[in-house]
Amino acid sequence: RKEVEQDPGPFNVPEGATVAFNCTYSNSASQSFFWYRQDCRKEPKLLMSVYSSGNEDGRFTAQLNRASQYISLLIRDSKLSDSATYLCVVNDSGTDKLIFGTGTRLQVFP
Amino acid sequence: GAVVSQHPSRVICKSGTSVKIECRSLDFQATTMFWYRQFPKQSLMLMATSNEGSKATYEQGVEKDKFLINHASLTLSTLTVTSAHPEDSSFYICSAREGLAGLETQYFGPGTRLLVL
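Line by line, the protein sequences are chains A and C.
Just so you know, we're using my numbering here: the first sequence kicks off at 12 and counts up by one.
Just so you know, we're using my numbering here: the second sequence kicks off at 651 and counts up by one.
In isolation and in its complexed conformation, chain C is listed as follows (with noise of 0.2 Å):
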């Protein structure tokens, strides 16, 4: 099946340093990526939408200039977290979907725990 894969899968960083976190399709094509957080016991929460080679489309909350994300490619989209600052400490995870493929069929890479101290 789909693979979706992720890196690095843990971070630990100081507070004001930026983290990039990368997603990658690896045996398909991904016209959409999503980017999700998870709190502990919570729920995951869509962070943002992007579609190859066209802006993220950013959920209600969400600051855009904390958050980058940059969809070059059919396989690849990285999130950058901006002077990250201990609340920013999550799961985050990304899924990824081929073109026009059903809702069913979007994929979750293994997640990155990122801890900023």
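Here chain A stands alone, though its shape is the one from the complex (with noise of 0.2 Å):
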């Protein structure tokens, strides 16, 4: 089993529409979430870190189900600009690594 496990999509949405990203991770003794962004042969981004509460950042919300081990992002009122590839990334528990998920393709259409 991965330790980090997105749907690869690609998730294809007209503008304005909204979509949800979901992901699950195996280690359960993990303590930091986050989601990045990463575009076509580039770097990936900081998207946000993800908070046992729940959190938003305009149009994107983020949630973890630690007891499912589970993690979402919502995308609302989708831009052509959110076109990108969106990485679920967990650490490793008791170090700094990241462990990236596959990513999740999303295509926005006018």
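Everything labelled a hint here was simulated from the structure, so no lab data went into it.
Check each hint, because a few of them may be wrong.
Stated by the list, open to error - Part of the chain A face toward chain C, derived, beta carbon under 8 Å:
no., residue
1, Lys53
2, Glu54
3, Lys108
4, Phe111
5, Thr113
6, Gly114
Every residue, glycine too, gets a C-beta built ideally from N, C-alpha and C.
Join the two chains into one complex using the hints; note that each chain is given alone, in its own frame.
Below, the structure written as structure tokens:
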């Protein structure tokens, strides 16, 4: 079983749509959780950290369910510029290493 | 914000040659740098962690004699792919973290695309 699993997609949605991505992780001792965005042939960039109480940043909402070892990202009012691959990232518990999922590809069309 | 640069951005080389990739933190001191590799349609995989002034710690399955890492200063780490082969062709990305900063403050370089012919 992979340490961080994501649906690879692609998710093709029209502008203005709401889309949600899910991610599961295998290590129950993981402490920190993140969503990164990676554009084609570019480096990943931090989109947001994910906190236990859930958190929101503009059109983006992240949720964490420790009991189910599940993380989600909700994007509201999708923009064309949101088209990218979204990486679920979990830290390796007890270390400062980041473990990346393979990513979920989002394509927003006009 | 913090900036991490990598050089070169792209390199094509013949099989058997060695390639050096530089990773620099431009406006902060990176006590820890990480080297990742990403094959097409796959996730970033951590290759090694390097701390300034000490030997790098390699992940399982990564040959330390093939991927030489030097972190000689607080702003520079280098990865040398020795005797490169076509299967080493990949996207190599470094990241850097300042001091005891949190995990979210790991800044990524723009990556180096290596093609070995």
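Are any of the numbered hints broken by this structure? If so, which, sorted upward? none
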